[in-house]
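One letter stands for each residue in the lines below.
Number of protein chains: 2
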Amino acid sequence: MDEHPPAPNGGTRETAEPGETHSKIGSQLVKWGVVLLSGLSVLLIPTPEGITAKSWRLLAIFVATITGSIVRPLPGGAVVLLGVSAIALTGVLPVRDALSGYADPIVWLVLAAFFMSRGMIKTGLGRRIAFLLIRAIGRHSLGLCYALASTDMLLGTIIPSTGARSGGIVFPIAKSLAEAYDSKPGATAGRLGAFLMPVLYQCDVIVCAMFLTGQASNVLIAKFAQEVTGIELTYSRWALAAVVPAVLSLITVPLLLYRIFPPEVKHTPAAAELAAFELKRMGRMAWGEKMMLIVFALVAGLWMTTAFHGINYAVVALVGICVLLLSGVLTWEDAISERGAWDVFIWYGGLVRMAEALGETGITKRFAETSAGFTSGWKWWTALALLLLVYFYAHYGFASITAHATAMYIQFLTVILAAGAPPYLAVLSLAYFSNLDASLTHYGTTPAPIYFGAGYVTQRRWWLLGLLASLVNIPIWVIFGFTWWKLLKLW
Amino acid sequence: MDEHPPAPNGGTRETAEPGETHSKIGSQLVKWGVVLLSGLSVLLIPTPEGITAKSWRLLAIFVATITGSIVRPLPGGAVVLLGVSAIALTGVLPVRDALSGYADPIVWLVLAAFFMSRGMIKTGLGRRIAFLLIRAIGRHSLGLCYALASTDMLLGTIIPSTGARSGGIVFPIAKSLAEAYDSKPGATAGRLGAFLMPVLYQCDVIVCAMFLTGQASNVLIAKFAQEVTGIELTYSRWALAAVVPAVLSLITVPLLLYRIFPPEVKHTPAAAELAAFELKRMGRMAWGEKMMLIVFALVAGLWMTTAFHGINYAVVALVGICVLLLSGVLTWEDAISERGAWDVFIWYGGLVRMAEALGETGITKRFAETSAGFTSGWKWWTALALLLLVYFYAHYGFASITAHATAMYIQFLTVILAAGAPPYLAVLSLAYFSNLDASLTHYGTTPAPIYFGAGYVTQRRWWLLGLLASLVNIPIWVIFGFTWWKLLKLW
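Just so you know, the protein sequences line up as chains U and E, in that order.
The opening residue of the first sequence carries number 5 in the working numbering; numbering runs sequentially from there.
The opening residue of the second sequence carries number 5 in the working numbering; numbering runs sequentially from there.
It is possible that part of the hints are untrue.
Pairs count within a copy or across copies, as identical chains cannot be separated in the list.
[As the list claims (entries may be wrong)] List time: in silico BS3-like cross-link candidates among lysine-lysine, alpha-carbon distance up to 30 Å:
#, residue 1, residue 2
1, Lys284, Lys188
2, Lys294, Lys35
3, Lys270, Lys126
4, Lys493, Lys28
5, Lys369, Lys126
6, Lys28, Lys294
7, Lys126, Lys28
8, Lys35, Lys126
9, Lys270, Lys369
10, Lys270, Lys58
11, Lys270, Lys179
I should point out that these hints are in silico values taken from the structure, not numbers from a laboratory.
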């Protein structure tokens, strides 16, 4: 799940995950056993009163699907398709209803945004943005890092494909800059690459948290939040609430890592020169690049101002795609061969509907009532603090933000709310933590294996840096985030 | 539209169409002009009483989309996506409603069937079927043709991708057999290739007509028929009504062409030997191939027996895909990179909903009432005969069965019904003629440019053969078809 990086070698992210050994049939069988068992164990629990047998079967299939997304006997998209098929075949939902997630505007928003990312790479606009920033502030290795992180942040405003942002734009530039300073995996790693790679990954994780479009499953998280609390995490609301802690994190984390593990090369005038050279070589903006820039500004602008014009997010994204198709920036062939987009489309459309249907059954509500007893007597902030920490560090066990959030977001939110926490506080902190926790490992989310896989840093170092980043991010988002949301009158 | 042939060179069918010149901006502008004009001219007609302004705008967008699918300023899928976006942007339908075709089970049936076609090619089962038939009856060039046409027919029971059937399985075998008899484009074309290529195309057109899964837009035609008459063209009903005239056509057309333009090579023992050799080389069926055969039989069997078990067609297809994914016959990567499937998914899902929504506006009904006046005083069979012929030969102007049927099926059906023709007769004859008319040209439907493009036959000859085939097909389907449907008590 999450997504396939747009690697030209066609390799999928799954292959980079730990314990993924496609060849071993035995391990596959164990995985399927776990998946089936998870569903069966739900079925073995007597259906609670007031819940229909059909609803309970839906829960069983949902649990098995989520388990499948975690243990991965097949790629996440395939597991979800199996879940959707099971729902239709067993008559838990009529087939049209089971498939209705695929007509959900939010799913099409993500699909369209993946198509836009292709345009961003294809036209070179993403590279140009990066080089402009490097030319401006890249004469120092720390500035270089800020330049690339800012590129990532700018792109994150409309591109939820972290694979496209990192793998397609930021990572290749970072790698060529490291090599320009003779920093390669091994003895020379410490010159520049060993600093740049983990820091850029850490910044990407913060960017993921910053926007509704930061990564593909944020829209899913927003759906979950609405399901449980009725709070609509619009594009602008998400970004507004995130901007203060996110910018602080984006400034602090690189600084900290720069202090602790400084690169040997501190001054990087050649980077700025390289950027200037590349910009010269790219020449003036071509027609396609200009169109891409216009679409970029148009889409981001319309998303931020939804409150004024009321045009649906998905319609904005579709119009963006239409302009790119009409202007020839994207060909139809580009769209239909964008594998990553279709992968996300299938798993996301399936999960959205499953979670929604589960909410309609009353099971989620029942769970909330039951869990209220669990935290009774607690102060809400004890429950919030404790459960946020558990939620965060549970990500050591997940290879995907989507899998983690799908498995735990609704449940944790429900329990925290039951303890009496202010709804916005619970919804937002869990949403942002769902992303920030990906900092911990070298498999936390899509770009992790890309940056880690470059080979500049040992796994031990990578995990240490991830842990350090978490120790910075959590206080920043709790202290400054909570304060900021108080100022915004969200609680 | 129709589909992209799965050509390894990544070339799309569009490039093979006449007048498609991507480079000429002028011709593009003219095309867009025509599209816009078609929509505008609807808007300029005063909205009839009782029809809302919104409904009329929907009609304008629909007309522009269909015009766009015909003149093709962009590939068909892109044009439909533009139409869907226009509907959502102008508020003619709420965005979720505009997208709801993408949750339509019939659209997922087609998507799943395209995935299955990949399995058919990948496992080699399609080739094995072809070689088995060639070994059995391929010692004569006419038998060879029947063997390959039978392969096509067998595959047509579940594979609506004519590109996969022809381009992926039948055509490569036909080509290698022609070359095995030293028949290449040019001087030696007449030895075998000049017979085989056009005949196999003609047979494929008949197979297209024979099954609901014969080609991708038959399901769309079935939707249209249900829209107008309420008659449900189920898989088994479609095939049952077609079987008599289709088999007669499949026997007669090759015979006729064999008489008129006989190949120089009449005895082809080497073909049977080659088939035997290839079968030997393929060895026993591998695990994947066996699984594919089981899924093939399972899906076709369940589709034919829907009346007994009531499992939705799409669910059957999804279960087929699940089995292929579970058994590893298809990988997830196979599914998400199946470009042709996604292309069909987008245009089909968009058109299905547009046509449905149009029916809901009452415009279609109004059109029927108006057109009743047009044919008043006619005998119904005069109207049927005349309009069927016009419908059939209008295909000279279309490069796609989908575009033709979308532009004309509902209207012609409505007028024929208004003249008092028996509903089943009108529905079925128009449905089958929508496919059979593709015989006429070298761009009639997806496989046409594949077979024609092999270069064995001049365009003049190709058109002549197409015309001859139509003169055989029309009487067969009218005389034997109508009689057969009478026996089936359909009218």
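Against the structure, the hints:
| no. | hint | result |
| --- | --- | --- |
| 1 | Lys284 - Lys188 | within (27 Å within a copy, 52 Å between copies) |
| 2 | Lys294 - Lys35 | between (49 Å within a copy, 24 Å between copies) |
| 3 | Lys270 - Lys126 | neither (32 Å within a copy, 53 Å between copies) |
| 4 | Lys493 - Lys28 | neither (54 Å within a copy, 57 Å between copies) |
| 5 | Lys369 - Lys126 | neither (46 Å within a copy, 47 Å between copies) |
| 6 | Lys28 - Lys294 | between (49 Å within a copy, 21 Å between copies) |
| 7 | Lys126 - Lys28 | between (38 Å within a copy, 22 Å between copies) |
| 8 | Lys35 - Lys126 | between (39 Å within a copy, 26 Å between copies) |
| 9 | Lys270 - Lys369 | neither (55 Å within a copy, 75 Å between copies) |
| 10 | Lys270 - Lys58 | neither (63 Å within a copy, 63 Å between copies) |
| 11 | Lys270 - Lys179 | within (16 Å within a copy, 64 Å between copies) |
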